[in-house]
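Kindly generate the complete structure, drawing on both the sequences and the hints.
2 protein chains.
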Amino acid sequence: MKEITIAVDVMGGDLGAAATVEGAWDAAREYQGVKLLLVGPQETIQAELARLKAASPNKNAHMLEILHASEVITTNETPTVAVKAKKDSSMVRAFHTVKEGRANGLVTAGSTGAVLVSIFTFIKRKPGIKRPALCALLPNKTGHTLLLDCGANAEVKPEYLLQFGQLGSEYMQRCMGIKSPKVGLINIGAEEEKGTPIYQEAHQLLKQSGLNFVGNIEGREIPAGTVDVAICDGFVGNIILKHTEGLSKTLMAIIKEELMAKTLSKIGALLAKPSFANLKKRFDYREIGGAPFLGLTSLVVKAHGSSDAYAIKNAIGQCVKFERDGY
Amino acid sequence: MKEITIAVDVMGGDLGAAATVEGAWDAAREYQGVKLLLVGPQETIQAELARLKAASPNKNAHMLEILHASEVITTNETPTVAVKAKKDSSMVRAFHTVKEGRANGLVTAGSTGAVLVSIFTFIKRKPGIKRPALCALLPNKTGHTLLLDCGANAEVKPEYLLQFGQLGSEYMQRCMGIKSPKVGLINIGAEEEKGTPIYQEAHQLLKQSGLNFVGNIEGREIPAGTVDVAICDGFVGNIILKHTEGLSKTLMAIIKEELMAKTLSKIGALLAKPSFANLKKRFDYREIGGAPFLGLTSLVVKAHGSSDAYAIKNAIGQCVKFERDGY
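Chains as they are written, first to last, in our numbering: chain L, 925 to 1251; chain D, 925 to 1251.
Derived by calculation from the structure, the hints in this document are not laboratory data. Heads up, a few of these hints could be off.
Identical copies look the same in the list; a pair holds intra-copy or inter-copy alike.
When the alpha-carbon atoms are kept at most 20 Å apart in a straight line, the in silico EDC-like pairs for lysine to aspartate or glutamate are as follows [stated by the list, open to error]: (1) K1106 with E1116; (2) K1245 with E927; (3) K1180 with D1208; (4) K1010 with E1024; (5) K1118 with E1001; (6) K983 with D950; (7) K1065 with E1169; (8) K1065 with E1181; (9) K1197 with E1181; (10) K1118 with E1079; (11) K1106 with D1012; (12) K959 with E927; (13) K1180 with E1094; (14) K1204 with D950; (15) K1050 with D1249; (16) K1131 with E1083; (17) K983 with E954; (18) K1173 with D1208; (19) K977 with E967; (20) K1204 with E1181.
Below, the structure is given as structure tokens:
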């Protein structure tokens, strides 16, 4: 088994070092042969590790290594300014370990803007890849659809859309074990000539790409799970991603409101509680752990700002699977 | 009360003349002083009217008038070809009544493509309006958000987006009785400089428009109900519209699946049935009846292909409200 190293930006998430260090601690226990570089304030990390050790032993504790970084980039800072100024921040230091080849992958729950700037500043793109893409794994009827780009490129060229298809297909093979991922181009109709000239041209490129391209897909086919990889520009993708979050949340709130409006329904809801818990789990972003950036020489996973230990552990797991081509 | 005439394309919907004639019959009963022009095969319409009359009398039956049309445009035909060739189709004849000023509004459940072509062929735009927009009323947490454009214009200019704001605002005032509708520009971030150059420029135009413009909104704010009118190009809008349909459907299917997986949950679901029925009603497109096309000298409402009588009645109601500026 290939020995790999993943850098973990310990600071930056809303829950601070406690969540990220615990996530890494759990990941060390779960994934064998994975060294984890904990990047952040040494004393804080040591204190967290001591706390975890006291609670329950971990035979892989020696796989956790601390890399000191004194500063933190917050979500309130202008990303370009912060990345340039805070050379000793946990995020910048973590990205440096990837740049120098010391780490094979990186997990951070820090500001998306700062992550984007760091990627453009420190990380090389894969040979031939024009633009990196921010992805999201959206839950669908039977599994997940990888949506890209989700906001790294508001404007695209047809060639970028083709490459998004290639990158997404590779990811779904390596991380999700799908042999020949179905790829769809998000559009406003199934016919080849639908959409803007950029999408029309991208359709032709994808058709000739050798990918398992199923053609254009409409908005409703993303949740239906028609494809494994759904491609679009970053403007459309970002709106779909946030619309998914918003609509799921609103629907669940409305269901709750309706159930609580009547006594019988309240009892019904109580009886159905385990089912609702199961449902929640299926739509829980923590199961995936974070959004991958693809098209780089290393996998970078942007964990949700509010990630807890479980989400961080799974985000690390994504990097492990990607590096090991499944495991 | 202003006497108005609404043309109803009797053919074109999946349920045929039975549903549309019954919808018009119910509308005649509900809305006073509204003449309804039933456009389609005379014999078929007469038979439906006789059936309805036998079932229950309608003191406003005299407000229903038949305009014979022998042909039908189906969803399988190429819209441009069909609209040109089928001069005696119910859709083309219905559009002619609007063109000639005989009707003030039009309801059709026919092919969206053919409706678009008919609009461009027969209906004048409001003075100064560059492009008509297809709208959708999406249910949100507390009411509805008008989304436009939903597919009539895959590519836009900043000026079109401004006009969509004006048209949407006017509609929400007249049909929904909202005094100063909140207008938002769909974008990938709140900051003015977010998105593509077209959206950046549109933001500035909207800011200076005198509309109640609240700025950029992200995808999650549509279901949250942050605004009354959400503006975007037809590519983005079509994807949001279909994504809403698809995600709501998938979520409900998953909830059902989870509830049916356990006996206790099944009982719970049974007890909560009235609440789920209420929920369904809140998300039922039939309550609104159809998608309005705005920017024309008359209101055209495209009813869903599978519209039943209730949906058609409400689609007619939209035209009535629009013409009467609420009622």
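So, going through the hints one by one against the coordinates:
1. K1106 with E1116: within (17 Å within a copy, 37 Å between copies)
2. K1245 with E927: So K1245 and E927 pass the 20 Å test inside one copy only (12 Å; across, 69 Å).
3. K1180 with D1208: both (17 Å within a copy, 18 Å between copies)
4. K1010 with E1024: Intra 18 Å, inter 69 Å, cutoff 20 Å: intra-copy only.
5. K1118 with E1001: between (41 Å within a copy, 16 Å between copies)
6. K983 with D950: within (11 Å within a copy, 74 Å between copies)
7. K1065 with E1169: For K1065 and E1169, both the intra-copy (16 Å) and inter-copy (14 Å) Cα distances are at most 20 Å.
8. K1065 with E1181: Classified as between; 10 Å across copies, 24 Å inside a copy.
9. K1197 with E1181: Both: 15 Å inside a chain and 14 Å across chains, each within 20 Å.
10. K1118 with E1079: both (18 Å within a copy, 12 Å between copies)
11. K1106 with D1012: neither (42 Å within a copy, 44 Å between copies)
12. K959 with E927: Within one copy only: 8 Å inside a chain, 78 Å across chains, cut-off 20 Å.
13. K1180 with E1094: Classified as neither: same-chain Cα gap 39 Å, cross-chain 33 Å, threshold 20 Å.
14. K1204 with D950: Answer is neither: 22 Å inside a copy and 42 Å across each miss the 20 Å cutoff.
15. K1050 with D1249: within (17 Å within a copy, 59 Å between copies)
16. K1131 with E1083: The answer is within: 12 Å in one copy meets 20 Å, while 35 Å across copies does not.
17. K983 with E954: within (11 Å within a copy, 75 Å between copies)
18. K1173 with D1208: This pair counts as both: shortest intra-copy Cα distance 11 Å, inter-copy 18 Å.
19. K977 with E967: For K977 and E967, only the intra-copy Cα distance (15 Å) is at most 20 Å; the inter-copy one is 85 Å.
20. K1204 with E1181: Both: 16 Å inside a chain and 13 Å across chains, each within 20 Å.
Hint violations for this structure: numbers 11, 13, 14, all remaining hints satisfied.
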